[in-house]
Amino acid sequence: MNLTSKTEGSLLIVSVHEARIDASVAIQFKDRMREETESATGRVVLDLSEVDFIDSSGLGAIVAAMKQLGSKHRLDLSGLNENVDKVFRLTRMDTVFAIHPTLEVALAS
Amino acid sequence: MISTNPDIHIELEGTPEEVRLALETLRTRLTERPLEACNAGTLEIVLAEVLNNVVEHALAGRSDGLIALTGNYDKCCWHLKVRDNGARMPEDQIPAGHAPQVETELMDLPEGGFGWMMVRTLACDINYDRAADGWNVLTFALPDDKP
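Read top to bottom, the protein sequences are chains R and G.
Under full-length UniProt numbering, the first residue of the first sequence is numbered 1, with each subsequent residue one higher.
Under full-length UniProt numbering, the first residue of the second sequence is numbered 1, with each subsequent residue one higher.
Simulated from the structure, these hints should not be mistaken for lab results.
Where hints are given, some of them may not hold.
[As the list claims (entries may be wrong)] Interface residues of chain R toward chain G, partial, derived using beta-carbon atoms under 10 angstroms:
hint, residue
1, V25
2, A26
3, F53
4, D55
5, S56
6, G60
7, V63
8, M66
9, K67
10, G70
11, K86
12, L90
13, V96
14, A98
None of the values given here were measured: they were computed from a predicted structure.
Cβ atoms here follow ideal geometry from the backbone N, Cα and C, with glycine treated the same way.
Take these sequences, add in the hints, and give me the full structure.
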């Protein structure tokens, strides 16, 4: 599960370099998110622009990642393609996360 | 007698890794053919949920689980059949698939339970049978015009 992160001021950007977040990698994703966000001091943006597909297990892992960050750090999302966005809308998780069209928009918000 | 080949015929073992491989195979096949307009994204979402449910429930704890997926695209509609050699559905019923509540405190947010709700929202004519050979048979349709 290839995740990288970088900081921009107090913001932490985590980028997912995988085509799929699905049931076969959901646990690794959650564990890698914990490692990458350990040093977060403020808002975290999860950039999904390289992700083609998520299933409900992948969605659950993103929700779990937000929970493990705790209430002190917001988790925003950016770069959802049409299919990924559809999964968030169907489950109404689009009402839980702030979703930005691109990372640039997320950084400016 | 000429028998028409189904547009999709994939057999897989009942593991999450095989489900991923099957969906990747399906995606490659759909982009190779002039089926681009046929709701490939929605098809992948629904099949992922159906196949994951089989692996996680019908085939839970099994190492000899098998799944056979067939489908064809006709008159702007996918017709899918998923068979597996796992345990029958509870009470021989397709789960109700109620939407998990998302208007909650952060720590109470649901991390699962979305699968059947997604399938029921996106697919239609969903039917389940326990066949005489002891396999589960789930059939459903995905018309292009369903949002």
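To see whether the hints hold, each was checked on the structure:
no. : hint : result
1   : V25  : holds (8 angstroms)
2   : A26  : holds (8 angstroms)
3   : F53  : holds (6 angstroms)
4   : D55  : holds (4 angstroms)
5   : S56  : holds (4 angstroms)
6   : G60  : holds (4 angstroms)
7   : V63  : holds (5 angstroms)
8   : M66  : holds (7 angstroms)
9   : K67  : holds (6 angstroms)
10  : G70  : holds (8 angstroms)
11  : K86  : holds (7 angstroms)
12  : L90  : holds (5 angstroms)
13  : V96  : holds (6 angstroms)
14  : A98  : violated (14 angstroms)
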